[in-house]
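> Each chain, written out:
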Amino acid sequence: MTESQLERGRYLFAFARGLDQARLEGVLGLRGAPLEVVEHRDLQAVVCSVDLEEFGEAQLKEHLEDMEWLEDVARTHHDVVHAVSEAGAVAPMRLVTICSDDVSVRGRIESLYPQLSEALSRVEGRREWSVKVYATRPAPPETVDAGRPVSGAAYLQRKREQAAQRRSTGDEHLREADEIHQTLARSVVATRVLQPQDPRLTGRADTMILNGAYLVPMEETDGFRAVVSRLAELNPTLEIELNGPWPPYSFATLE
Amino acid sequence: MTEAAGTPATSRPYSSAVERSSYGPAPANLADILERVLDKGIIIAGDIKVNLLDIELLTIKIRLLIVSVDKAAEMGIDWWRNDPMLSSSEQGLADENRQLRRRLEELEAGSGGDTADD
Numbered sequence: 059m060t061e062s063q064l065e066r067g068r069y070l071f072a073f074a075r076g077l078d079q080a081r082l083e084g085v086l087g088l089r090g091a092p093l094e095v096v097e098h099r100d101l102q103a104v105v106c107s108v109d110l111e112e113f114g115e116a117q118l119k120e121h122l123e124d125m126e127w128l129e130d131v132a133r134t135h136h137d138v139v140h141a142v143s144e145a146g147a148v149a150p151m152r153l154v155t156i157c158s159d160d161v162s163v164r165g166r167i168e169s170l171y172p173q174l175s176e177a178l179s180r181v182e183g184r185r186e187w188s189v190k191v192y193a194t195r196p197a198p199p200e201t202v203d204a205g206r207p208v209s210g211a212a213y214l215q216r217k218r219e220q221a222a223q224r225r226s227t228g229d230e231h232l233r234e235a236d237e238i239h240q241t242l243a244r245s246v247v248a249t250r251v252l253q254p255q256d257p258r259l260t261g262r263a264d265t266m267i268l269n270g271a272y273l274v275p276m277e278e279t280d281g282f283r284a285v286v287s288r289l290a291e292l293n294p295t296l297e298i299e300l301n302g303p304w305p306p307y308s309f310a311t312l313e
Numbered sequence: 034m035t036e037a038a039g040t041p042a043t044s045r046p047y048s049s050a051v052e053r054s055s056y057g058p059a060p061a062n063l064a065d066i067l068e069r070v071l072d073k074g075i076i077i078a079g080d081i082k083v084n085l086l087d088i089e090l091l092t093i094k095i096r097l098l099i100v101s102v103d104k105a106a107e108m109g110i111d112w113w114r115n116d117p118m119l120s121s122s123e124q125g126l127a128d129e130n131r132q133l134r135r136r137l138e139e140l141e142a143g144s145g146g147d148t149a150d151d
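Protein chains in written order, with my numbering: chain F, 59 to 313; chain B, 34 to 151.
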């Protein structure tokens, strides 16, 4: 057994508290491996065995560059974390956190116990909602190119005007995004502002002006939705996209 | 969740508040998943070492790769080098300055016009 143990690792999906293990039935880990629960004190670690031929240090370095591999592992990771979030309080792990065995997993829980407990308390009974705001108003028209400018000075002037217009549109977006964020922040427990996603990543031409994560008590979900709807009505030139509920990835962090 | 259909619909082609579930009929957006599972959550060192710096570089590469999966044909392989979101914004300014200076020189030399690119 020693040999095979060396070739296997324990992939950590999440720490949990009050986990109802029956609700994880039928949920598979990576590569079809069954989920297992490692218990220590009043916390649980949801893990599965992985082959270090695939998840070893050198292999990971290569695989993480492989988009298909990454997508596959990220989606499985997310699916398991989501299932755990339905079965108890959850603190999701960052992708590809792998321990050598259960003793090592318990050691992590022991040494981080106060922080893990605190993180779990912060998110228990709460869900993360993503709110993205896009500016859908047409971009300021590029100054009509009425032929070549007559002089270098005119050319520079035109460039300056274009830059100023871009700046003022950008300022307005910042203000709108901030107002929306502040309004949402008033009705939630905690917020995180994520980096707006690049248009080439979102696949849409509209500029993302806010990519916010909001921690909402489950019983206040309807109220939060109503606030988002009202903001959408108040801001007809923006598109507000509500997405969730997510497990509390952005809030179950170690302080 | 397809609640967008049940909310007071607008007559516009799409509703202002679009609601999607992260877990439901439609799979969650990969970019949304990656920005969370790579940058958020509980970050501790496992026994298998994954270099944090690698991961951070990775997130930049992801932007490239996600796009290249969908739109490889449409884009040059190094578009992100000039992406102001990824590189410092000075790069764009420097480029524009260089172009402006070149244009100015051309114009002052009286050779501006049909050969200039813009």
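Derived by calculation from the structure, the hints in this document are not laboratory data. Cβ atoms here follow ideal geometry from the backbone N, Cα and C, with glycine treated the same way. Don't take each hint at face value.
Quick list of simulated restraints, FRET-style, between CB atoms [claimed, not checked]:
| id | chain 1 | residue 1 | chain 2 | residue 2 | range |
| --- | --- | --- | --- | --- | --- |
| 1 | F | R133 | B | E141 | 53 to 59 angstroms |
| 2 | B | E141 | F | G261 | 42 to 48 angstroms |
| 3 | B | R135 | F | T295 | 35 to 41 angstroms |
> Work down the list of hints and note, for each, if the structure agrees.
Against the structure, the hints:
1. F:R133 x B:E141: 53 to 59 angstroms: Since R133 of chain F and E141 of chain B have Cβ atoms about 58 angstroms apart, the given range 53 to 59 angstroms holds.
2. B:E141 x F:G261: 42 to 48 angstroms: Taking Cβ atoms as reference, E141 of chain B and G261 of chain F lie about 43 angstroms apart, which means the hint holds.
3. B:R135 x F:T295: 35 to 41 angstroms: holds (37 angstroms)
When held up to the earlier numbered hints, the structure conflicts with none and fits them all.
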